[in-house]
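*Asks:* Chain by chain, the residues run as shown.
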Amino acid sequence: MDRTPVDRILDDWDAVASRAQPPGTAPRRAWGRGSRGVFNLLPLAAAALAIAIGVAWLGGRIGGNVGGTVPTASAVSSGAPSLPTASTTPSSPASPTPAAIVACDAPALTARITAWEGAAGSRIATVRVTNGGPETCMLPSIARPALVDGSGRGLAVGQAPTRNVKTIDLAAGAGLTTLVQVTNVCGAAPIAPVSLSFDLGDGHGVDARPLSADDVTVPPCNGPTLPAQIDMQEWAR
Amino acid sequence: MAIAEPADLAYERAFADHWRDVFRFALAWSNDWAAAEDLAQDAFLKLWDHRSRLDWTRPVLPWLLVATRRLATDRFRRLKRSVGGAAPQAEPDEATRVRWFDIQAAMAILSPLERTALVMTALEGSTYEAAGLVLGTSAGALRAAVSRARTKLENA
Numbered sequence: 001m002d003r004t005p006v007d008r009i010l011d012d013w014d015a016v017a018s019r020a021q022p023p024g025t026a027p028r029r030a031w032g033r034g035s036r037g038v039f040n041l042l043p044l045a046a047a048a049l050a051i052a053i054g055v056a057w058l059g060g061r062i063g064g065n066v067g068g069t070v071p072t073a074s075a076v077s078s079g080a081p082s083l084p085t086a087s088t089t090p091s092s093p094a095s096p097t098p099a100a101i102v103a104c105d106a107p108a109l110t111a112r113i114t115a116w117e118g119a120a121g122s123r124i125a126t127v128r129v130t131n132g133g134p135e136t137c138m139l140p141s142i143a144r145p146a147l148v149d150g151s152g153r154g155l156a157v158g159q160a161p162t163r164n165v166k167t168i169d170l171a172a173g174a175g176l177t178t179l180v181q182v183t184n185v186c187g188a189a190p191i192a193p194v195s196l197s198f199d200l201g202d203g204h205g206v207d208a209r210p211l212s213a214d215d216v217t218v219p220p221c222n223g224p225t226l227p228a229q230i231d232m233q234e235w236a237r
Numbered sequence: 001m002a003i004a005e006p007a008d009l010a011y012e013r014a015f016a017d018h019w020r021d022v023f024r025f026a027l028a029w030s031n032d033w034a035a036a037e038d039l040a041q042d043a044f045l046k047l048w049d050h051r052s053r054l055d056w057t058r059p060v061l062p063w064l065l066v067a068t069r070r071l072a073t074d075r076f077r078r079l080k081r082s083v084g085g086a087a088p089q090a091e092p093d094e095a096t097r098v099r100w101f102d103i104q105a106a107m108a109i110l111s112p113l114e115r116t117a118l119v120m121t122a123l124e125g126s127t128y129e130a131a132g133l134v135l136g137t138s139a140g141a142l143r144a145a146v147s148r149a150r151t152k153l154e155n156a
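So the protein sequences, as listed, match chains C and P. Heads up, the first sequence is in my numbering, so the first residue is 1 and it goes up one at a time. Heads up, the second sequence is in my numbering, so the first residue is 1 and it goes up one at a time.
Any given hint might turn out to be false.
[Claimed, not checked] So, partial list: chain C residues that the calculated Cβ filter (under 7 Å) puts toward chain P: (1) Val6; (2) Ile9; (3) Asp12; (4) Asp14; (5) Val16; (6) Arg29; (7) Asp199.
Simulated from the structure, these hints should not be mistaken for laboratory data. Computed from a predicted model, the values in this text were never measured in an experiment. Ideal Cβ placement from N, Cα and C applies to all residues, glycine included.
Input sequences plus hints: build the corresponding full structure.
*Replies:* Structure representation (structure tokens):
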């Protein structure tokens with residue numbers, strides 16, 4: 001029987017994909033990866049301490065529960081699905097909300113950076129998000145932040161908040177504020193303007209308007225071998 | 001000698017049994033060889049992170065494929081790779097690479113959903129219902145996606 005053009009493409013796809021070779025060993029996340037010894041972990045510990053100080057500072061400004069609101073690497077999970085059928089649906093908000101209020105539509109949201117401040121090796125941005133839509137909508141209390149430069153290069157990308165995230169009702173025209181702390185941005189000088197982007201999940205997000213068109217605010221590089229860090233507080237009124 | 005945890009053994013078995021399935025799913029979704037290797041790597045790292053909480057008596061492949069899809073739709077994934085760099089992977093040989101570029105170009109006219117639905121149902125033997133669970137959509141929507149995919153490829 002003749003194969004259709006689509007069948008031939010699929011046959012080719014199948015043949016080529018079958019040539020992929022798995023890595024020699026199953027990947028594992030391990031402490032002491034490679035030859036890293038305990039002394040090589042000291043810079044990491046120092047960075048963690050600096051971040052902890054910064055987070056505590058953030059908490060003091062907001063007056064909230066720091067440990068419960070800032071998604072640190074240990075406080076968030078990976079967003080992997082649960083088994084079996086729940087794995088195909090997004091996790092539901094922790095608190096029930098009226099059915100009439102729907103999740104905020106990303107295009108209806110506007111965000112802007114209103115200030116950058118310095119703090120012990122970090123930079124902290126104040127960001128305001130506003131619901132420009134006609135209806136009240138629900139916004140996840142924590143999003144995944146990223147510091148992005150004018151060329152679209154990611155300078156620091158945060159962890160996805162994967163525990164059950166609360167939602168906040170955001171009335172039409174109303175706004176919420178957060179603080180975003182960024183630490184240890186290394187590498188090539190950023191291209192203006194530097195701004196922040198927030199992932200709301202499922203491929204949607206909102207980009208904050210930068211402080212100015214020529215803003216290149218980034219925190220100092222504390223250690224080029226360590227990753228950049230970025231964390232946000234919960235949105236607050 | 002240390003005795004491996006049962007979850008660690010189950011993880012190793014899952015890697016041996018399903019890496020190719022995960023890679024093929026990721027390749028169908030991303031239409032990018034390097035990205036697919038990267039996605040497969042990260043999907044198994046997620047499995048590693050969750051190994052002690054999983055019910056290993058149930059099939060793990062759907063879990064892996066849903067995790068892969070979520071990784072693939074991560075808005076910041078490309079940014080993350082630009083920050084941290086992708087883990088070095090084994091490149092396919094020259095003949096495979098050349099052949100892949102042709103197939104990649106042909107499949108590029110399809111959306112990720114159309115491509116993955118077509119591959120899962122036509123090559124992997126998935127039912128529309130099973131593929132719908134992994135892809136987070138209905139069987140009806142997948143039938144429509146596969147039909148669109150075939151039409152696009154035939155008319156290309």
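*Asks:* Are the hints correct? Go through all of them and say.
*Replies:* Tested hints:
| no. | hint | verdict |
| --- | --- | --- |
| 1 | Val6 | 5 Å, holds |
| 2 | Ile9 | 5 Å, holds |
| 3 | Asp12 | 5 Å, holds |
| 4 | Asp14 | 5 Å, holds |
| 5 | Val16 | 5 Å, holds |
| 6 | Arg29 | 6 Å, holds |
| 7 | Asp199 | 4 Å, holds |
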